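Participant: Got chain C; can you put chain P on it based on the hints?
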Amino acid sequence: MNLRRVQAVALKEWRETVRDRMFLLLAFLLPVLWLLVFGYGLVIDVEQIPVAAVDYDRSELSRDYLSRFMHSRYFDFRGHLNSEREVDALLQTAHLRAAVIIPEHFARRLQEGKTVSVQTLLDGTFPLYTDIAKGYIIALNNTFSEKLVSEYLSRTSGLSLEEARRRAQPVRLEVRYLYNEEIRGTWSQVPALVMFALMVASPLLTALGIVREKESGSLYNIYSSTVTRVEFLTGKLATYLAIASVNVVVLWAMAVWLFQVPFKGNFGLFFLASVLFVMVGTGIGLLVSLLVRTQMAALVVTMVVSMVPTFLFSGLLVPVSSMSRGAQVQAHLFPAMYYTNILRGSFLKGVGLEVLWLDVLALVIFAVALRLWGYWLFTKRPRA
Amino acid sequence: MRRIDHHHGHVARWLRRLWVMTWKELLQLSRDLPLLLFLLYSFTLSVYVSASGITMQLRNAAVLVHDADHSLLSRELIHRFHQPYFQVLREIPDADEGMRELDRGHAMAVLDIPPRFHEALRAGEPVAVQLQVDTTNAAQGLSAAAYAGRIVAGFGADTAAGQLVSTLPTVLSEHRVWFNADQNETWFQSITHILRMVTLFAILLPAAALVREKERGTVEQLLVSPLSPLQIMLSKVLSMTAVILAATGVAYYGVIQPAFGVPMRGSAVLFFVLTGVYVVTSAGFGLLAATVTRNQAQVGMLTLLGIAPMLLLSGISAPFEVMPLWVQRLMSLSPLRYYIDITTAILLKGAGMDLLWRPVLTMTALGAAVFGLGIWRFRHQSE
Chain C
1 MNLRRVQAVA LKEWRETVRD RMFLLLAFLL PVLWLLVFGY GLVIDVEQIP VAAVDYDRSE
61 LSRDYLSRFM HSRYFDFRGH LNSEREVDAL LQTAHLRAAV IIPEHFARRL QEGKTVSVQT
121 LLDGTFPLYT DIAKGYIIAL NNTFSEKLVS EYLSRTSGLS LEEARRRAQP VRLEVRYLYN
181 EEIRGTWSQV PALVMFALMV ASPLLTALGI VREKESGSLY NIYSSTVTRV EFLTGKLATY
241 LAIASVNVVV LWAMAVWLFQ VPFKGNFGLF FLASVLFVMV GTGIGLLVSL LVRTQMAALV
301 VTMVVSMVPT FLFSGLLVPV SSMSRGAQVQ AHLFPAMYYT NILRGSFLKG VGLEVLWLDV
361 LALVIFAVAL RLWGYWLFTK RPRA
Chain P
1 MRRIDHHHGH VARWLRRLWV MTWKELLQLS RDLPLLLFLL YSFTLSVYVS ASGITMQLRN
61 AAVLVHDADH SLLSRELIHR FHQPYFQVLR EIPDADEGMR ELDRGHAMAV LDIPPRFHEA
121 LRAGEPVAVQ LQVDTTNAAQ GLSAAAYAGR IVAGFGADTA AGQLVSTLPT VLSEHRVWFN
181 ADQNETWFQS ITHILRMVTL FAILLPAAAL VREKERGTVE QLLVSPLSPL QIMLSKVLSM
241 TAVILAATGV AYYGVIQPAF GVPMRGSAVL FFVLTGVYVV TSAGFGLLAA TVTRNQAQVG
301 MLTLLGIAPM LLLSGISAPF EVMPLWVQRL MSLSPLRYYI DITTAILLKG AGMDLLWRPV
361 LTMTALGAAV FGLGIWRFRH QSE
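First to last, the protein sequences are chains C and P. All residue numbers for the first sequence refer to this note's numbering, where the first residue is 1 and numbers rise by one. All residue numbers for the second sequence refer to this note's numbering, where the first residue is 1 and numbers rise by one.
Treat each hint with caution, since some may be false.
DSSO-like cross-link-like pairs, simulated, lysine-lysine; straight-line CA separation at most 30 Å [unchecked claim]:
1. C:Lys134 x C:Lys114
2. P:Lys214 x C:Lys214
3. C:Lys380 x P:Lys214
4. C:Lys380 x C:Lys214
5. C:Lys134 x C:Lys147
6. C:Lys214 x P:Lys24
7. C:Lys214 x C:Lys12
8. C:Lys12 x P:Lys214
9. C:Lys12 x C:Lys380
10. P:Lys24 x P:Lys214
11. C:Lys147 x C:Lys114
No lab work stands behind these hints: they were computed from the structure. It should be emphasised that the depicted structure is a prediction, and the values quoted were computed from it without experimental measurement.
Next up, chain C with everything else stripped away, as it sits in the complex:
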C-alpha cells in the first residue's frame, strides 16, 4: 500500500465532496436536524387518549367515577354519548380510541357490596396503544375499587379507614427505576437516535460516491491507473469517515448539552465504538455499491437496508428481547443493535468495556468482514 496514492485518492474524493455544496451541507446538517426533530418530536409516552362515555346509570357515583377520566392526564375526555351505537362511527373514524359504558344500577350494586363490570370498547388497530389504554383503565378501576372497598369495610366492620385500606390491599409494590430515574423519554430516545442518524447517513454517502463513478464511467480511470484496490477503497472511504467522525462529536455534544442526557461512561470508548460503527456503515455502503449498477438502485437499496432494520431491529422503538426468535436472529445480523447497547450503556448505565466488550467485538467483526467482502467483490477487471 502506497500512502501517497491513498492520499491522492482521498484528496480527489474530498475535493469532489466539498465542491458539491448542497451535498456537503446535507451531510453535516442531516444528522443534526434529525436529532433535533426526533429528540423533541418522537414522544412515545402515551397520554391524552381520546375517550367518551355512555352512562346508563346517571348517578352521583357514576359521575364520580367518570370524573376520574376527566382529571387524568392519560385520558382526554370527549364527553357523553347516548348509546353504544354512536360509539361505532366515532371509533371507525379514529375520533375516539376508547369508550366506557357504565351499566344501569352501577351505584346501587356497588353500595350493596356487589361487583360491577364496566365495559370498555377499544380501538384495536394500534395494538401497543390499545394495550396501554387497557392498562390505564384497569389501573383506574383498581384505585376506584380500592377506595370503595375500604369505605365499605370500615362501614360494615367498624375498622378505621386506614386499617380497612391496609386490609383491602396488603401487598405494596415499590418500584425503583434504574439508569433513568425520572423515566424521561428523551433520555432513552436520544442515545438511540445518535445511532440512527449515523447509521442512515454513512452508508448512503459511501454507496453513492462509488456508484457515481461506476455510472459515469470515471471508475475506468481507476481501473487503468496504478492505484491498487486497497489504496482506492481506503482513500475513498477516508472522506466519509472524516465527515462522520465530526458528526459523532457534534451529536454527542447535542445529546449532553442540549438534551441534558447524562453521560456516565467513558468518552474514549464511546468515540472508538462510534468510529467503528461508522466504518461498518461505510462497509455496508461499499458492499451495496459493488452489488448494484445504478445510483438509483444504490439509493433505494442503501436506504431500505440501513433505515428499516435500524429502527425495527435495533432496540430504538422495539426491545430486542421481546421479539420472536426469527426477528431476534435478524436483529443480531445487523450492527445497529450492538451499537445501541454501547450507547445506552455509555450514556445511561455508565458501564465500560467489562460489560460491553461483546458488543464492541461484534462491531469489529462486522467492520472487518464487510471490508474483506467488499475487497473481494471489487475488481479492477470488470466482467464483460
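Facilitator: Okay, now just chain P, sitting in the frame of chain C:
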C-alpha cells in the same frame, strides 16, 4: 365536426406520447435486475419477517427473582410473573448479582421479596415487595412496572379476599377490542411495513429517475422533443406507480393475507385506488426534490431528510395522537399521516368513502399542490 376530430386527435397524440415515455421508463426499470430483486424482497420476505417478529408491546421481559422468604406465598407471587409479559429467568442468591445482570442487560427487572413475607401477610401486616426496573428504554420500563403493579395488586386482593368474607364492591374491567379483536400485532406490523416500503419506493424511484436524466444530460434531449414537461414528469410517476401498485398487490395477496390472515373488510378496489393516489402524492414530493437538486447523491440526501420524519412521526411507528402539537401540525404535510388512517379503516374497519372522504380529500389536495409546484419548477428550469 372537423374541429372536434382535430381536438380528439390532439388528445390521442398527447396520450400516445405519454404512453411511449411511460413504457420507456418501465423498460429501463426492468433492465435493472438488482433493483427489481430488491423490490421483490422488500415487499415479500422483509414484510414477512417484520410482521411475524416485531412487537412493541411488552413481551417476555426477563425477570430475576431474589426471594429471601422461600415460602408458599412468595412462590405463589413469583408464579404470577409469567408469559406473555414476563419470564422469570432464575432465582439469584443476593441483590448485588441482580444489579450486575441489569448492568449487562441480561435482565430487565429484579423482583425482591423480603424475609417474613408469608408470615407478615398471614398476620395481616402490610408488606412491600421491591422491583428494580431498567428504564434505559423508558416506555418498556414503565410498561413493565405497570404490569408488575397489576400482578401484585391482584395477588394482594386475592390474599385479602381469602381472609375477608363475602363479596366486595369492586369495579371490574370488561374489555371489548374492536377491529382486531385478539389484538394481533402481526396485522398492524405487516400493514405498516407495507406502508413503509410503499413510501420509500414512491418517493425515491421517480425522484432518482428524473435526476438521472438531469445528471446524464438526457433531459436536454427530452426537452427538445415534442414532449411537454408535464408529460416527462407524469410518465415517471405513472410507471413507478404501476410497479409499486403491483408490488403492494403481491405483498397483500401473496404474503400478509395468506400468512397472517389480514382481512380486507372494505373494498379492495377502493384500497388500491387510494394507494395509487397516495403513491402519486408521495412521488410529487420526490419530484419536487428532484427539481431542486442536480445529482443523485443530492437528491438522496434531500429525500432522506424528509423520509425519516415521515416514517417515524406519521403514526406508523408510534401513535400519532401522543406526539407534541408542533409535530402534529408539521405532519399534516405528510401524506402518510392520512394514508395510514385510510388503510387501517378500509382493511380492518371496513369503512367506505362516506367515512373517509375527509382524509382522502386532504391527501389528494396535498398531492395536487405538491405536484403543481414540482411541474412549475421543472418548467421554469427547463426554459
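Participant: So, for every hint listed, does it hold in this structure?
Facilitator: Taking the hints in turn, this is what the structure says about them:
For the given pair, Lys134 of chain C sits about 23 Å from Lys114 of chain C by alpha-carbon distance, which is consistent with the 30 Å threshold. Using a Cα cut-off of 30 Å, the hinted pair Lys214 of chain P and Lys214 of chain C holds, with the two alpha carbons roughly 17 Å apart. Proposed proximity of Lys380 of chain C and Lys214 of chain P is supported: the alpha carbons are some 28 Å apart, at most 30 Å. Straight-line distance between C-alpha atoms of Lys380 of chain C and Lys214 of chain C comes to about 12 Å, which keeps the hinted pair within the 30 Å bound.
Between the alpha carbons of Lys134 of chain C and Lys147 of chain C the distance comes to roughly 20 Å, so the proposed pair stays at or under 30 Å and holds. The hinted pair formed by Lys214 of chain C and Lys24 of chain P meets the criterion: a straight-line CA distance of about 23 Å does not exceed 30 Å. Simply put, Lys214 of chain C and Lys12 of chain C have alpha-carbon atoms about 16 Å apart, close enough for the 30 Å limit, and the pair holds. For the hint linking Lys12 of chain C to Lys214 of chain P, the alpha-carbon distance of about 23 Å falls within 30 Å, and the restraint holds.
The hinted pair formed by Lys12 of chain C and Lys380 of chain C meets the criterion: a straight-line CA distance of about 19 Å does not exceed 30 Å. Taking the CA atoms of Lys24 of chain P and Lys214 of chain P, the gap is near 16 Å; set against the 30 Å cutoff, the hint holds. Between Lys147 of chain C and Lys114 of chain C the alpha-carbon distance is near 14 Å, which keeps this suggested pair within the 30 Å criterion.
Against the hints set out earlier in the document, no violation occurs for any number.
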